[in-house]
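Number of protein chains: 2
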Amino acid sequence: MKTTKRRQFLKTGFVGSAGFFCSPFAAVTEDSQSQTDLFITFKTRRSVRKFKPTPVPDEHILQILEAAHYAPCPRNRQAWKFVVIKNRDILDQIRDECIKRGGEQSKQYFTDYMSAPVYVVVLADTQTRNPVNDATAGALAAENLMLAARALGYGSVFCVNSIPEDVTNKILNIPDNYKRVCITPIGIPDKWPETPPKKDLKEAIVYDRF
Amino acid sequence: MKTTKRRQFLKTGFVGSAGFFCSPFAAVTEDSQSQTDLFITFKTRRSVRKFKPTPVPDEHILQILEAAHYAPCPRNRQAWKFVVIKNRDILDQIRDECIKRGGEQSKQYFTDYMSAPVYVVVLADTQTRNPVNDATAGALAAENLMLAARALGYGSVFCVNSIPEDVTNKILNIPDNYKRVCITPIGIPDKWPETPPKKDLKEAIVYDRF
Numbered sequence: 007m008k009t010t011k012r013r014q015f016l017k018t019g020f021v022g023s024a025g026f027f028c029s030p031f032a033a034v035t036e037d038s039q040s041q042t043d044l045f046i047t048f049k050t051r052r053s054v055r056k057f058k059p060t061p062v063p064d065e066h067i068l069q070i071l072e073a074a075h076y077a078p079c080p081r082n083r084q085a086w087k088f089v090v091i092k093n094r095d096i097l098d099q100i101r102d103e104c105i106k107r108g109g110e111q112s113k114q115y116f117t118d119y120m121s122a123p124v125y126v127v128v129l130a131d132t133q134t135r136n137p138v139n140d141a142t143a144g145a146l147a148a149e150n151l152m153l154a155a156r157a158l159g160y161g162s163v164f165c166v167n168s169i170p171e172d173v174t175n176k177i178l179n180i181p182d183n184y185k186r187v188c189i190t191p192i193g194i195p196d197k198w199p200e201t202p203p204k205k206d207l208k209e210a211i212v213y214d215r216f
Numbered sequence: 007m008k009t010t011k012r013r014q015f016l017k018t019g020f021v022g023s024a025g026f027f028c029s030p031f032a033a034v035t036e037d038s039q040s041q042t043d044l045f046i047t048f049k050t051r052r053s054v055r056k057f058k059p060t061p062v063p064d065e066h067i068l069q070i071l072e073a074a075h076y077a078p079c080p081r082n083r084q085a086w087k088f089v090v091i092k093n094r095d096i097l098d099q100i101r102d103e104c105i106k107r108g109g110e111q112s113k114q115y116f117t118d119y120m121s122a123p124v125y126v127v128v129l130a131d132t133q134t135r136n137p138v139n140d141a142t143a144g145a146l147a148a149e150n151l152m153l154a155a156r157a158l159g160y161g162s163v164f165c166v167n168s169i170p171e172d173v174t175n176k177i178l179n180i181p182d183n184y185k186r187v188c189i190t191p192i193g194i195p196d197k198w199p200e201t202p203p204k205k206d207l208k209e210a211i212v213y214d215r216f
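Here the protein sequences line up with chains W and D, keeping their order.
So in my numbering, spot 94 of the first sequence is number 100, and the numbers just go up one at a time.
So in my numbering, spot 91 of the second sequence is number 97, and the numbers just go up one at a time.
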């Protein structure tokens, strides 16, 4: 947004060319470019299952986890844990155990799946007043994590079943009181997948009642 | 980011003053202001339970739902529905039924809770190959919805239990094959709540294994 337009916005709450941003609400930013970039993040997040080995800097990992940590949660319990795995030996143990179970034909799949330089296992405490809702909050945190990763240029995937929970429970010594929400790689994609075909948004919307 | 710096970035992938943004990855934006604004969105989303009556323009509602619609989901099923309620009579029916059940002392609570101009009920189809994962995907969609709302200046809350599922099932004629993920208001907050106290992020992180 050019300075003149920004001034115009601050004065009138309206910038004609910005289209969707035309109200003087307390939006996060009055900058239409920032707004656009944020919505591009939602649209360009992809589920990625093969990565380049390029390391992810620690400051990016912390920034991504901080975004996760700000997800909403019941009664502010923050009943989640983020297990950050960068140790290649541990990642190879997970990969090898998956291949052992999946058989020779699963080798390429799990080799690709476990090729990221860092994984985050999101856990939710089951010994709370409402473990179901705390697990859901863990999923909301994982969505923040994946969006933050995408914004910084990384791919991820919300993996629930492909890598069995008991495999990570055993290899990571996860205490019995935690349920795994997901295991999510973070890394530069081998390539960014195409956008999968989306249903028309209208098909997903019902107005007022069925 | 000033033009000179942006040019410097495009050339070298490094802008000293941006701090966290120092790699030439395919990030969503090379603009450090946009990056900062996105992370501000994560941090300033709040759970809001009282709203001004100011209407939310339809184009904002659609933009928010489009963000939700781009959430990850198992095998691209998009097994969610978004029931958008703007009809005040329907919202008042929900409020009155909640007050009827909660008693006179719940009146202010539900009057505030149902004061937003628009609500989105997120539903997940239970007649799929994996309804548990499809319900989780509905939660991820709801997180996108809440972040997009915040970016545009609106408050929301991930409401699961406060408004009973059978109340909305009945009033909205929701078919039996849908499970409610949440009901989420969207509106200008009566006031933005303070940031709740957060645990130190370090407490939530475990490195490599327990």
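It is possible that part of the hints are untrue.
When the alpha-carbon atoms are kept at most 30 Å apart in a straight line, the in silico BS3-like pairs for lysine-lysine are as follows [claimed, not checked]:
id, chain 1, residue 1, chain 2, residue 2
1, W, K204, D, K92
2, W, K197, W, K58
3, D, K208, W, K205
4, D, K49, W, K87
5, W, K92, D, K92
6, D, K56, D, K205
7, W, K185, D, K56
8, D, K92, W, K49
9, W, K58, W, K176
10, D, K176, W, K56
11, D, K49, W, K49
12, W, K185, D, K92
13, W, K56, W, K197
14, D, K56, W, K176
15, D, K87, W, K49
16, D, K185, D, K92
17, D, K208, W, K92
18, D, K205, W, K176
19, W, K92, D, K204
20, W, K58, D, K92
21, D, K208, D, K176
22, W, K205, D, K176
By construction, these hints were calculated from the structure, which means they are not laboratory data.
Remember, predicted model here, so these are calculated numbers, not experimental data.
Against the earlier hints, flag every one the structure doesn't satisfy and list their numbers going up.
-> Those not satisfied are hints 3, 5, 7, 10, 12, 14, 20, 21.
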